[in-house]
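Chains as they are written, first to last, in UniProt numbering: chain D, 1 to 678; chain L, 1 to 678.
Note that these hints are calculated values from the structure, not bench results.
Predicted model, so just to flag it, every value in this text is computed and none were measured.
Possibly wrong hints are sitting among the right ones.
In this list, chains with the same sequence are indistinguishable; a pair is considered to hold if it fits within one copy or across any two.
What the hints assert, rightly or not - Here are the simulated DSSO-like cross-link-like pairs (lysine-lysine), alpha carbons at most 30 Å apart as the crow flies:
#1 Lys566 / Lys455
#2 Lys154 / Lys501
#3 Lys606 / Lys585
#4 Lys618 / Lys606
#5 Lys469 / Lys455
#6 Lys469 / Lys539
#7 Lys566 / Lys371
#8 Lys224 / Lys514
#9 Lys42 / Lys516
#10 Lys615 / Lys501
#11 Lys102 / Lys469
#12 Lys603 / Lys455
#13 Lys223 / Lys371
#14 Lys585 / Lys98
#15 Lys98 / Lys371
#16 Lys462 / Lys501
#17 Lys224 / Lys183
#18 Lys98 / Lys154
#19 Lys289 / Lys371
#20 Lys615 / Lys183
#21 Lys585 / Lys671
#22 Lys455 / Lys618
#23 Lys289 / Lys238
#24 Lys607 / Lys539
#25 Lys514 / Lys455
Here are the chains, one letter per residue:
There are 2 protein chains.
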Amino acid sequence: MSSEEIARKRLSAIQQQLIHSTGPADLARERANASFDVNQMKAFFAGGKEFSEALDDAYRLIQRDPELYLGDEYIFDASNAEQREVTMRQLRRYVEVKDMLKSSLRVRAFHLAMCQYSESFNMRSYVADFLFPQALRLFSTSEQYNEWIGDVLKWRTIGCFAMTELGYSSFLRGLETTATFDKKTDEFIINSPSLLSTKWWIGLAGETATHAIVLAQTVVDGKKCGIDWFMVPLRNRKTGRLVVGVTAGNIGAKCGRNGLDNGWIQFTGLRIPRTNMMMRWASVSPDGKYHPTPNPALSYAPLIGERLETIIATTLAVSRGLTIACRYGCVRRQGENNEQIMDFQSYYVQLMPGIAGLYVANIIDRITRRKWDVLVQNVDDGTIFLNNVLDIHAISAGLKGVYGWWAVEILEFCRRSLGGHAYSAYNAIGECINDFGPITTGGGDNYALMGQTAKYVLKSLKMASDGIKLEGSVEYLNNVQEALSQSSSTMMSENEILDFKFIRGALAWLLIRKAKTIETTLTGGGVAAWNDNIVHLIKLAEIHTHHYILSEYLNGLGEYESTEYKNLLPILIQMGQLWGTYVMKSLLELFLEEGYFSPSQAKMIKKVFYDLCRKTRKEAIPLVDAWALPDFILKAPFGRYDGDIYPAYLNRVRSVPDCVGVSSYWSKYVKPLTDPDP
Amino acid sequence: MSSEEIARKRLSAIQQQLIHSTGPADLARERANASFDVNQMKAFFAGGKEFSEALDDAYRLIQRDPELYLGDEYIFDASNAEQREVTMRQLRRYVEVKDMLKSSLRVRAFHLAMCQYSESFNMRSYVADFLFPQALRLFSTSEQYNEWIGDVLKWRTIGCFAMTELGYSSFLRGLETTATFDKKTDEFIINSPSLLSTKWWIGLAGETATHAIVLAQTVVDGKKCGIDWFMVPLRNRKTGRLVVGVTAGNIGAKCGRNGLDNGWIQFTGLRIPRTNMMMRWASVSPDGKYHPTPNPALSYAPLIGERLETIIATTLAVSRGLTIACRYGCVRRQGENNEQIMDFQSYYVQLMPGIAGLYVANIIDRITRRKWDVLVQNVDDGTIFLNNVLDIHAISAGLKGVYGWWAVEILEFCRRSLGGHAYSAYNAIGECINDFGPITTGGGDNYALMGQTAKYVLKSLKMASDGIKLEGSVEYLNNVQEALSQSSSTMMSENEILDFKFIRGALAWLLIRKAKTIETTLTGGGVAAWNDNIVHLIKLAEIHTHHYILSEYLNGLGEYESTEYKNLLPILIQMGQLWGTYVMKSLLELFLEEGYFSPSQAKMIKKVFYDLCRKTRKEAIPLVDAWALPDFILKAPFGRYDGDIYPAYLNRVRSVPDCVGVSSYWSKYVKPLTDPDP
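Produce the complete structure using the sequences and hints provided.
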């Protein structure tokens with residue numbers, strides 16, 4: 001054959017491949033690369049075989065139930081009003097399904113599956129079914145709790161959590177809403193004294209909630225005594241009409257989660273019984289004596305739980321995004337040799353650390369949540385609670401910052417990985433991005449939260465320097481003197497880099513060195529100096545949080561060494577190494593400017609990182625398969641398990657009414673141009 | 001006064017401030033900080049006083065015209081179908097307004113104002129009024145051009161640009177659509193042989209276009225001879241019905257720009273006259289002889305113009321985002337001392353380089369567009385065109401990559417700067433983000449484009465090493481030997497860092513050093529080695545593009561030294577310095593790992609950067625004011641010029657029908673829970 005004939009033959013072979021979808025064969029080949037048992041990993045990631053099977057049952061249940069399952073018309077093409085309605089339809093059905101399932105494990109699995117299916121459902125059920133009851137538990141006395149919780153569990157009370165005001169978000173001490181005690185009637189009068197005091201962003205307040213837990217300035221005898229929580233009615237249970245004294249409405253179009261009825265509330269002289277003040281910590285007696293809380297931080301405790309939810313939210317959004325991006329990346333072919341685009345460095349270097357990050361987050365979530373659950377169970381023992389709450393508060397804030405920002409970054413990479421097709425709403429990454437975005441600015445703005453973590457780190461470091469023995473996430477700061485005595489790394493080989501302890505040690509060194517510098521900068525500068533160094537303080541919080549994540553991941557893996565999951569340890573360790581080198585790489589500039597790493601050490605770290613990305617890329621598909629998200633949860637033709645993506649994509653586009661045909665405005669706006677009357 | 005009384009008094013003063021909006025006073029004070037004449041800067045940024053005044057007229061015209069102006073119902077609350085209709089309403093009116101305005105300067109101003117107002121309008125008018133006519137100019141013979149252009153200018157022909165296919169985006173040689181010559185009838189038969197060959201993403205093909213310029217494989221005597229452009233009818237001008245042989249439809253919901261009717265097209269044996277092949281470069285004679293193009297790159301020339309549009313698109317989106325974020329940042333108060341949040345380092349360090357970046361981009365846009373316009377005017381002289389097209393191609397690709405990705409990053413910062421309120425669609429940053437996103441992946445995926453720029457740089461460097469004298473954007477590579485002989489920077493003082501030539505020199509050094517390393521890595525590795533180093537190649541393209549930007553900014557400023565705008569030079573130089581140090585800072589890791597900067601030099605560069613951010617923060621408001629975007633263009637209550645943001649925000653929320661009231665689904669889905677039948 002002449003070289004021209006060979007070329008033509010090759011071209012024709014390629015074209016045949018392209019005309020007939022090669023996706024299924026591509027994914028099958030990718031699946032054969034697994035070095036681990038995907039089913040076992042699926043069970044591990046889900047938190048156990050039993051839960052994993054319950055999840056599969058839940059998916060089946062959702063797909064079969066006409067009130068839970070969403071038709072095409074409600075996915076990416078529905079109006080905001082339709083989305084709110086259909087989400088409430090799901091919520092009502094969810095209550096019935098819970099009744100049927102009984103087993104708490106199956107209920108948890110069903111709830112998780114629904115949250116994967118709809119972020120709006122997630123938020124709506126979270127507020128009514130988790131945040132509100134937990135706030136009851138944390139703020140009310142046992143008598144109050146017993147009086148109220150029954151209606152909440154039966155959903156006669158649908159509650160919302162009315163903290164944030166239009167003018168005050170992260171700085172809660174600025175809140176303006178008042179609860180003024182009226183001794184004569186033994187009542188509080190709830191008031192919104194200004195426009196800025198309007199409660200804002202309150203989930204479920206827009207259309208659904210019958211009650212709110214309201215954070216307000218308690219006023220007794222004309223004096224503001226403290227900031228406390230009050231149980232306040234909003235709507236008539238029967239008619240849905242607003243209670244007199246309450247103005248509340250829907251907050252309108254949002255950048256995501258439009259099935260959630262975020263609302264705003266204004267109070268105008270609403271009277272509630274004194275006993276609707278939630279009196280576990282602070283209280284007002286009938287004769288107008290104010291008993292303050294032992295610690296104002298207690299008012300914000302449920303926010304710790306909310307912040308820890310960020311890890312779950314990250315997992316939900318990023319696992320969807322990565323599954324779609326990786327499957328597309330392995331099916332899509334492009335370029336001279338008709339390569340799978342997943343083999344381009346620009347793809348796998350961004351997607352593989354994402355995958356590793358989720359495997360790490362999975363364990364961090366379990367470990368951290370366990371810590372928090374223990375604390376909540378011990379809320380009656382104020383001492384235990386107060387002794388531990390600061391450390392977990394700092395960790396929860398740091399995790400929200402690190403994972404929230406990281407998820408935004410990874411999701412943007414997922415978006416770009418779809419190339420031009422990212423622009424289609426039907427490929428679902430846009431939804432992931434829009435639904436996730438508010439997490440970085442809501443529920444405590446990330447900048448503010450990271451500042452709090454930094455403050456905690458600096459305070460702890462000072463204590464350590466003063467010889468006080470630290471515990472919890474800052475324990476490693478006890479070695480401050482030792483760290484400061486070292487001026488550069490002795491690392492000499494690539495193997496050392498793969499050792500978690502090396503990475504942890506380097507992070508600890510960097511944190512202590514940077515913290516010492518900032519400490520000096522801040523000395524005597526007050527609030528102004530703080531504000532002028534927030535970027536560096538945030539970096540401090542990031543390093544501390546990464547230290548926590550890597551340490552706990554190592555601890556977490558240790559728990560599985562003699563379990564059925566021990567076969568998974570090699571790949572899980574690899575995930576940790578990839579994550580660790582990714583973190584190191586992102587901090588190289590700081591390591592280099594401190595002289596901790598030499599230029600050649602830095603290059604070595606990068607090389608190890610790039611090598612790990614390439615090495616793990618082979619298992620991209622098995623690794624995302626183990627997250628086991630069904631096609632209907634992914635919602636994206638490009639994420640299809642079978643890899644046959646293109647026909648599904650065109651079908652989806654054609655399923656919209658009037659996709660093909662003369663547009664309704666042709667004669668009104670086009671014809672006057674193209675065929676004007678003579 | 002006791003300290004408690006002092007504290008109470010201070011608190012009360014703060015609260016008074018907060019209850020009564022301090023926004024107008026805050027912005028007035030910020031405006032007084034201007035070191036330059038804002039009106040003069042406004043004229044400068046607009047490209048001249050006359051154009052700036054024409055813009056003001058255009059804004060007035062839009063606001064007064066009921067067919068151009070959008071009511072609240074069409075902003076953030078409209079369905080996709082409504083958005084497409086109302087955008088076409090604007091487009092039709094635009095044609096009439098152009099007729100009225102006559103003066104080309106006023107038409108340009110009016111068009112720009114409309115594009116600022118609606119990105120969907122921007123894209124729709126761009127395709128029909130710019131891209132399509134330019135493609136006619138570049139691809140058709142003079143006779144063809146004269147025959148077709150009349151209908152295009154009268155809008156009897158509404159044209160679209162049908163290049164991309166479902167399965168082939170950046171790799172155009174893979175395109176499958178065929179145009180098969182039928183000698184007997186002197187016709188071409190246009191065919192989409194497979195699903196993947198469906199034309200996809202074609203702007204205006206969804207509902208509006210009567211014609212398409214179609215890129216297809218030309219087949220003569222059963223042989224594929226080349227990839228060429230064909231003029232193809234799509235719809236009947238009178239009825240809007242599809243021509244037989246054409247299937248085309250709307251592409252459905254997208255992540256942004258939903259007023260644009262992106263479409264897909266399939267051809268099934270559509271016959272067009274042979275003379276509908278656009279024959280400026282390649283041609284087929286009646287007897288079936290194929291005359292190839294002198295250079296296949298000519299087929300893609302209009303894409304250069306399209307890529308350069310990225311700078312305008314960046315300016316439109318980012319100027320809106322920054323204006324909103326900066327005004328909000330100066331009005332919003334938070335924290336212990338009730339600070340303006342704009343004074344937090346986390347805000348100004350992210351927003352100020354954004355502002356600087358747009359001032360730099362403004363000049364780069366002018367200079368680069370001028371180069372391109374000269375080339376298009378010289379298209380009849382094939383030699384001039386071909387001699388220069390490669391350099392501007394590489395630059396256009398680099399600029400699209402750098403500005404596209406940068407804009408996404410800055411817009412995300414703008415979003416976060418609104419805190420929780422970023423989540424409201426009414427604050428418009430979400431729209432900016434969604435409308436801009438596709439720019440990074442459409443019109444040539446950024447990864448692919450940056451790879452092309454890198455290839456050009458490596459090729460140029462090789463030529464320079466071989467002693468060939470380079471011109472254009474790569475001229476600086478002539479000094480390759482000199483750069484390689486230097487191993488580290490001699491910079492000793494902060495003042496040196498502020499010198500553009502220092503920054504430019506450092507970038508040149510870094511580029512050459514990194515390029516030499518990559519050259520070695522790639523040697524002999526073929527496509528596989530290329531794919532495995534794309535991340536580093538993209539970095540190369542970035543550095544080269546930044547070198548171009550800084551060099552041309554310096555040249556550009558020089559042009560104003562003896563004009564009426566010379567008073568603006570101090571602040572414009574500061575903008576360039578801020579941008580330059582921002583770029584340097586973002587590359588510090590690479591400089592450090594190459595040993596070009598020592599750790600202390602790196603810290604010095606960062607210090608200069610942070611100092612510049614703080615210093616320029618004072619002028620944030622005057623600097624965004626000079627972009628002169630009216631409130632109705634910004635669309636965001638938080639971006640209001642007068643700073644009275646909160647009442648406008650609540651009013652906007654309340655303007656949605658049924659904001660307050662019982663939801664339509666209460667009795668169906670809520671009442672069964674809260675008030676079940678007994």
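Each hint tested on the structure:
no., hint, result
1, Lys566 / Lys455, "neither (39 Å within a copy, 47 Å between copies)"
2, Lys154 / Lys501, "neither (50 Å within a copy, 72 Å between copies)"
3, Lys606 / Lys585, "both (6 Å within a copy, 19 Å between copies)"
4, Lys618 / Lys606, "within (19 Å within a copy, 39 Å between copies)"
5, Lys469 / Lys455, "within (18 Å within a copy, 57 Å between copies)"
6, Lys469 / Lys539, "within (25 Å within a copy, 46 Å between copies)"
7, Lys566 / Lys371, "within (24 Å within a copy, 63 Å between copies)"
8, Lys224 / Lys514, "neither (41 Å within a copy, 64 Å between copies)"
9, Lys42 / Lys516, "neither (44 Å within a copy, 45 Å between copies)"
10, Lys615 / Lys501, "within (22 Å within a copy, 42 Å between copies)"
11, Lys102 / Lys469, "neither (47 Å within a copy, 80 Å between copies)"
12, Lys603 / Lys455, "between (33 Å within a copy, 24 Å between copies)"
13, Lys223 / Lys371, "neither (38 Å within a copy, 70 Å between copies)"
14, Lys585 / Lys98, "neither (46 Å within a copy, 54 Å between copies)"
15, Lys98 / Lys371, "within (27 Å within a copy, 67 Å between copies)"
16, Lys462 / Lys501, "within (24 Å within a copy, 44 Å between copies)"
17, Lys224 / Lys183, "within (15 Å within a copy, 93 Å between copies)"
18, Lys98 / Lys154, "within (11 Å within a copy, 64 Å between copies)"
19, Lys289 / Lys371, "neither (36 Å within a copy, 79 Å between copies)"
20, Lys615 / Lys183, "neither (72 Å within a copy, 55 Å between copies)"
21, Lys585 / Lys671, "neither (58 Å within a copy, 55 Å between copies)"
22, Lys455 / Lys618, "between (42 Å within a copy, 27 Å between copies)"
23, Lys289 / Lys238, "neither (37 Å within a copy, 82 Å between copies)"
24, Lys607 / Lys539, "both (24 Å within a copy, 16 Å between copies)"
25, Lys514 / Lys455, "within (13 Å within a copy, 40 Å between copies)"
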